[in-house]
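Engineer: This is what each chain is made of:
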Amino acid sequence: MVFGVLQFPGSCDERDALAACERVAEARLIWHEETDLDGVDAVVVPGGFSYGDYLRAGAIARFAPAMEAVARFAAKGGPVLGICNGFQVLCEAGLLPGALLPNALLRFHFRQAELEVAGGCDWTAGIDPGERLSIPTKHMSGRFFAPDDELDRLEAGGQVVLRYASGSNPNGSLRDIAGVANEAGNVMGLMPHPEHAVDPLTGSADGLRLFAAVASRSPAAA
Amino acid sequence: MVELEAEDSEQLPDLCEKLLANPLIEDYEILELSA
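Protein sequences appear in the order of chains A and B. Just so we're aligned: the first sequence equals residues 1 to 222 in this note's numbering. Just so we're aligned: the second sequence equals residues 1001 to 1035 in this note's numbering.
Calculated from the structure, these hints are not laboratory results. In this text, all values refer to a predicted model and were calculated from it rather than measured experimentally. One or more of the hints may lead you astray.
[Said to hold, decoys possible] Computed far set for chain A versus chain B, every beta-carbon distance over 12 angstroms:
{"#": "1", "residue": "Arg23"}
{"#": "2", "residue": "Gln112"}
{"#": "3", "residue": "Gly158"}
{"#": "4", "residue": "Ala205"}
[To be verified] Here are a few chain B residues that face chain A, going by a calculated C-beta distance under 8 angstroms:
{"#": "5", "residue": "Leu1020"}
{"#": "6", "residue": "Asn1022"}
{"#": "7", "residue": "Leu1024"}
{"#": "8", "residue": "Ile1025"}
C-beta: ideal position from N, C-alpha, C; glycine also.
Let the hints inform the model, and build the full structure from the sequences given.
Structural biologist: See the structure below:
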């Protein structure tokens, strides 16, 4: 089982994402110019400030050669996780629905978040709906938005995977949405940073469960 | 505001829709400036 962690100019959380993946499987970095994902079983699009958030967070990264390869990988059912800026990239690339707007209070937010699992996908396999995960958040533009009819469709289709627990929405995300998946359930994006919650030493190891969920599904783990 | 030089102004709506703007969350207006 090999995780591939993308690295764009301006990424800053790819090293922690790599370390998180390495706790459950093998992992390697994928430079933004690479187009060959042979041997990669799952992809993580990490947090940070890819291309300096120029134009709009994720707007440039979506055109990276590596993202073209990720789109092909996702179309074949490969698991893809977008974390924070990675979530923004996946939305800009059309691999996930919706968009991320500036936080409602227009302030950078950095706080541990209490999340509630609301639905299932490849990255939450084995985690029951209703379970709580404690995972840190740090972002300026994390307010999830989609038109009402799209939100209704996402809810009905089980594509809302994570919500901020009652009273702990840090950014004004509609319907307290913290993470969504695509229809097939193999692509997931979330604003919180599971790669920063993989060891009790830092307060919570709940984030490791997302990486372990995919690692446990790989043929190599069978 | 994004300033561009474009040889063909008819390309501008496509540029906006597919590259410069996210129509889900952004409106845009194209202003053509004379040389």
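Engineer: Hint by hint, note whether the structure agrees.
Structural biologist: Against the structure, the hints come out as follows:
1. Distance check on arginine 23 of chain A: its Cβ is at least 35 angstroms (rounded) from any Cβ of chain B, clearing the 12 angstroms threshold; non-interface status holds.
2. Every CB of chain B is more than 12 angstroms from the CB of glutamine 112 of chain A (nearest about 28 angstroms), matching its label as outside the interface.
3. Once the 12 angstroms rule is applied to beta carbons, glycine 158 of chain A is consistent with being away from chain B; the minimum gap is 22 angstroms.
4. Alanine 205 of chain A, annotated as away from the interface, keeps every beta carbon of chain B farther than 12 angstroms; the closest lies near 35 angstroms.
5. Interface hint at leucine 1020 of chain B: satisfied, since its Cβ lies 7 angstroms from the closest Cβ of chain A, which is below the 8 angstroms cut-off.
6. Among the interface hints, the one on asparagine 1022 of chain B holds; its C-beta lies about 6 angstroms from the nearest C-beta in chain A, closer than the 8 angstroms criterion.
7. Hint status for leucine 1024 of chain B: holds, given a least beta-carbon distance of 5 angstroms to chain A, under 8 angstroms.
8. Satisfaction of the interface hint for isoleucine 1025 of chain B is found here, the shortest Cβ-Cβ separation to chain A being roughly 5 angstroms, below the 8 angstroms cut-off.
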